[in-house]
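Student: Given next are the chains, with one letter for each unit.
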Amino acid sequence: MRVQSEPFTLGEVLGAGSRPQAGAMVTFLGTVRDVSEHADILALEIEHYPGMTERELERLAQQAEQRFPILDVLIIHRFGRLSPEEPIVLVAVWSAHRAAAFDACRYLIDVLKSSAPFWKKEITPTGAHWVTDCPGCRAGTQTGHVHPDVLEEP
Amino acid sequence: MRVQSEPFTLGEVLGAGSRPQAGAMVTFLGTVRDVSEHADILALEIEHYPGMTERELERLAQQAEQRFPILDVLIIHRFGRLSPEEPIVLVAVWSAHRAAAFDACRYLIDVLKSSAPFWKKEITPTGAHWVTDCPGCRAGTQTGHVHPDVLEEP
Amino acid sequence: MLHVKFFASVRERLGVGEMDWDFPSDGCTVGDLLQQLEAHFGQDLAGGHLLAARNHVHVPFSEPLRDGDEVAFFPPVTGG
Amino acid sequence: MLHVKFFASVRERLGVGEMDWDFPSDGCTVGDLLQQLEAHFGQDLAGGHLLAARNHVHVPFSEPLRDGDEVAFFPPVTGG
Numbered sequence: 001m002r003v004q005s006e007p008f009t010l011g012e013v014l015g016a017g018s019r020p021q022a023g024a025m026v027t028f029l030g031t032v033r034d035v036s037e038h039a040d041i042l043a044l045e046i047e048h049y050p051g052m053t054e055r056e057l058e059r060l061a062q063q064a065e066q067r068f069p070i071l072d073v074l075i076i077h078r079f080g081r082l083s084p085e086e087p088i089v090l091v092a093v094w095s096a097h098r099a100a101a102f103d104a105c106r107y108l109i110d111v112l113k114s115s116a117p118f119w120k121k122e123i124t125p126t127g128a129h130w131v132t133d134c135p136g137c138r139a140g141t142q143t144g145h146v147h148p149d150v151l152e153e154p
Numbered sequence: 001m002r003v004q005s006e007p008f009t010l011g012e013v014l015g016a017g018s019r020p021q022a023g024a025m026v027t028f029l030g031t032v033r034d035v036s037e038h039a040d041i042l043a044l045e046i047e048h049y050p051g052m053t054e055r056e057l058e059r060l061a062q063q064a065e066q067r068f069p070i071l072d073v074l075i076i077h078r079f080g081r082l083s084p085e086e087p088i089v090l091v092a093v094w095s096a097h098r099a100a101a102f103d104a105c106r107y108l109i110d111v112l113k114s115s116a117p118f119w120k121k122e123i124t125p126t127g128a129h130w131v132t133d134c135p136g137c138r139a140g141t142q143t144g145h146v147h148p149d150v151l152e153e154p
Numbered sequence: 001m002l003h004v005k006f007f008a009s010v011r012e013r014l015g016v017g018e019m020d021w022d023f024p025s026d027g028c029t030v031g032d033l034l035q036q037l038e039a040h041f042g043q044d045l046a047g048g049h050l051l052a053a054r055n056h057v058h059v060p061f062s063e064p065l066r067d068g069d070e071v072a073f074f075p076p077v078t079g080g
Numbered sequence: 001m002l003h004v005k006f007f008a009s010v011r012e013r014l015g016v017g018e019m020d021w022d023f024p025s026d027g028c029t030v031g032d033l034l035q036q037l038e039a040h041f042g043q044d045l046a047g048g049h050l051l052a053a054r055n056h057v058h059v060p061f062s063e064p065l066r067d068g069d070e071v072a073f074f075p076p077v078t079g080g
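Residue numbers (the working numbering), protein chains in the order written: chain X, 1 to 154; chain A, 1 to 154; chain S, 1 to 80; chain G, 1 to 80.
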């Protein structure tokens with residue numbers, strides 16, 4: 001587990017990729033896109049909860065290791081100000097066979113997105129806004145729904 | 001698509017990993033294990049069908065691009081004599097969102113394993129044998145089943 | 001004493017990242033604390049989309065608190 | 001003329017990697033060619049687990065051949 005503001009590259013953190021006994025490695029790399037549903041993205045600001053973040057990522061990795069026959073897990077998540085094309089998150093899973101590596105990697109990024117305490121703010125040419133990821137906000141189905149979305153100048 | 005005997009590392013072939021417009025990259029790396037179901041593995045010899053291999057990998061990549069909303073695909077597969085921990089195959093898929101990248105990467109490695117013309121021979125301390133990947137051989141359920149498995153000295 | 005933290009849009013709305021708060025009383029829950037904080041700040045904290053953590057672990061609003069706890073309030077997470 | 005190739009265990013069993021073979025006749029299929037080759041080599045090529053390609057494309061044994069084709073026979077593939 002690493003929670004850091006510094007950029008990283010796949011080559012730096014994974015080297016050749018292989019690990020003894022592992023026949024399969026699956027990685028997921030999430031990067032900053034230069035456009036969202038709403039606007040061009042100049043930068044992404046990621047806030048996190050120091051202390052809880054590390055604990056939560058550790059818990060998720062342990063959960064994956066109990067749930068799937070895997071050999072090792074690496075999670076790196078960045079915080080701070082990130083530019084388009086920069087890496088945000090890397091999840092790498094090593095296992096003897098590919099099915100477990102795919103399943104565990106996908107599980108980890110899914111649960112990370114719903115439980116690790118990170119929050120993204122998109123900086124666009126017309127302002128900054130927090131990314132929301134709640135069904136009420138998205139679908140507009142919840143009556144009297146007011147999400148704490150704060151708009152501000154970039 | 002690359003079909004080569006030379007080793008490669010993730011860092012060399014993927015660089016930072018990110019590509020413009022892609023928010024997600026999923027990779028699968030298959031490496032030589034030092035043990036199989038039967039024996040310790042000293043090396044793996046991979047034979048292929050030059051000409052057909054390239055054509056088949058190109059066809060699979062196009063199929064994936066038609067089937068899933070993805071932006072780019074990279075496939076590298078090695079042939080020749082490989083030692084434990086060396087990379088065999090890399091499949092990398094870039095897309096705007098993670099679901100398509102996971103689905104396409106898994107699809108590609110699954111279809112590659114069943115249609116790309118590569119054959120593996122395991123070199124063990126007691127001899128060499130072709131890896132078989134047919135249900136009849138594995139389950140021993142097919143009556144009169146004789147798989148063309150040739151044993152020879154290493 | 002409780003140590004209370006706010007993150008992301010909640011932090012920005014309140015203009016406060018962290019604060020100490022006198023431990024209310026035994027049996028007090030995360031939800032009770034939230035009501036007191038909303039009264040203190042004179043505003044609804046999150047329109048029903050607030051999450052809470054106690055000592056770095058996600059908890060429901062029914063979670064009871066103990067003196068010395070660190071309690072955090074934040075909107076749904078959007079990492080990854 | 002057909003150009004015929006064998007791979008992996010099939011190649012090793014026959015001791016032949018590639019060979020030319022006179023084009024049998026119009027209407028001849030991959031399966032027909034296989035029967036002629038088995039007669040020529042005096043052995044069953046693959047115990048029912050043989051795959052075939054015509055001009056670098058997987059084909060069923062019912063595939064008709066044309067003069068000048070490259071035809072390959074091999075066991076189930078095991079790459080990846």
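Note that these hints are calculated values from the structure, not bench results.
Errors might be hidden in some of the hints.
Stated by the list, open to error - Okay, the calculated beta carbon distance ranges per label pair: (1) 43(S) <-> 58(A): 25 to 31 angstroms; (2) 58(X) <-> 15(A): 25 to 31 angstroms; (3) 58(G) <-> 37(X): 39 to 45 angstroms; (4) 35(A) <-> 83(X): 25 to 31 angstroms; (5) 14(G) <-> 83(X): 38 to 44 angstroms; (6) 70(G) <-> 36(A): 29 to 35 angstroms; (7) 62(S) <-> 36(X): 33 to 39 angstroms; (8) 43(G) <-> 66(X): 26 to 32 angstroms; (9) 20(X) <-> 40(S): 30 to 36 angstroms; (10) 42(X) <-> 32(S): 38 to 44 angstroms; (11) 20(X) <-> 12(A): 29 to 35 angstroms; (12) 43(G) <-> 45(A): 19 to 25 angstroms.
Glycine residues also receive a C-beta, built at the ideal position from the N, C-alpha and C atoms.
Student: Kindly confirm whether 25 to 31 angstroms is satisfied by the beta carbon distance between residue 58(X) and residue 15(A).
Tutor: Because 29 angstroms falls inside the window, the suggested range holds.
Student: Has the hinted range 38 to 44 angstroms been met by the Cβ atoms of residue 42(X) and residue 32(S)?
Tutor: At roughly 42 angstroms between Cβ atoms, residue 32(S) and residue 42(X) fall inside 38 to 44 angstroms, so the hint holds.
Student: Quick one: are residue 43(G) and residue 66(X) within 26 to 32 angstroms, going by C-beta?
Tutor: violated (52 angstroms)
Student: If I claimed the Cβ atoms of residue 62(S) and residue 36(X) lie 33 to 39 angstroms apart, would that claim hold in this structure?
Tutor: Once the Cβ atoms are compared, 36 angstroms apart, the range 33 to 39 angstroms for residue 36(X) and residue 62(S) holds.
Student: Holds or violated: the 29 to 35 angstroms window for the beta-carbon distance between residue 20(X) and residue 12(A)?
Tutor: violated (21 angstroms)
Student: Residue 58(G) and residue 37(X), beta-carbon distance inside 39 to 45 angstroms?
Tutor: holds (42 angstroms)
Student: If I claimed the Cβ atoms of residue 43(G) and residue 45(A) lie 19 to 25 angstroms apart, would that claim hold in this structure?
Tutor: holds (24 angstroms)
Student: Determine whether the Cβ-Cβ distance between residue 43(S) and residue 58(A) falls within the hinted range of 25 to 31 angstroms.
Tutor: violated (60 angstroms)
Student: 30 to 36 angstroms was suggested as the range; check whether the CB atoms of residue 20(X) and residue 40(S) agree with it.
Tutor: violated (57 angstroms)
Student: Falls inside 25 to 31 angstroms, the C-beta gap from residue 35(A) to residue 83(X)?
Tutor: About 44 angstroms separates the Cβ atoms of residue 35(A) and residue 83(X), which means 25 to 31 angstroms is violated.
Student: Quick one: are residue 14(G) and residue 83(X) within 38 to 44 angstroms, going by C-beta?
Tutor: violated (59 angstroms)
Student: Evaluate the given range 29 to 35 angstroms for the C-beta pair formed by residue 70(G) and residue 36(A).
Tutor: holds (33 angstroms)
Violated hints, listed in ascending order, are 1, 4, 5, 8, 9 and 11; each of the other numbered hints is respected by the structure.
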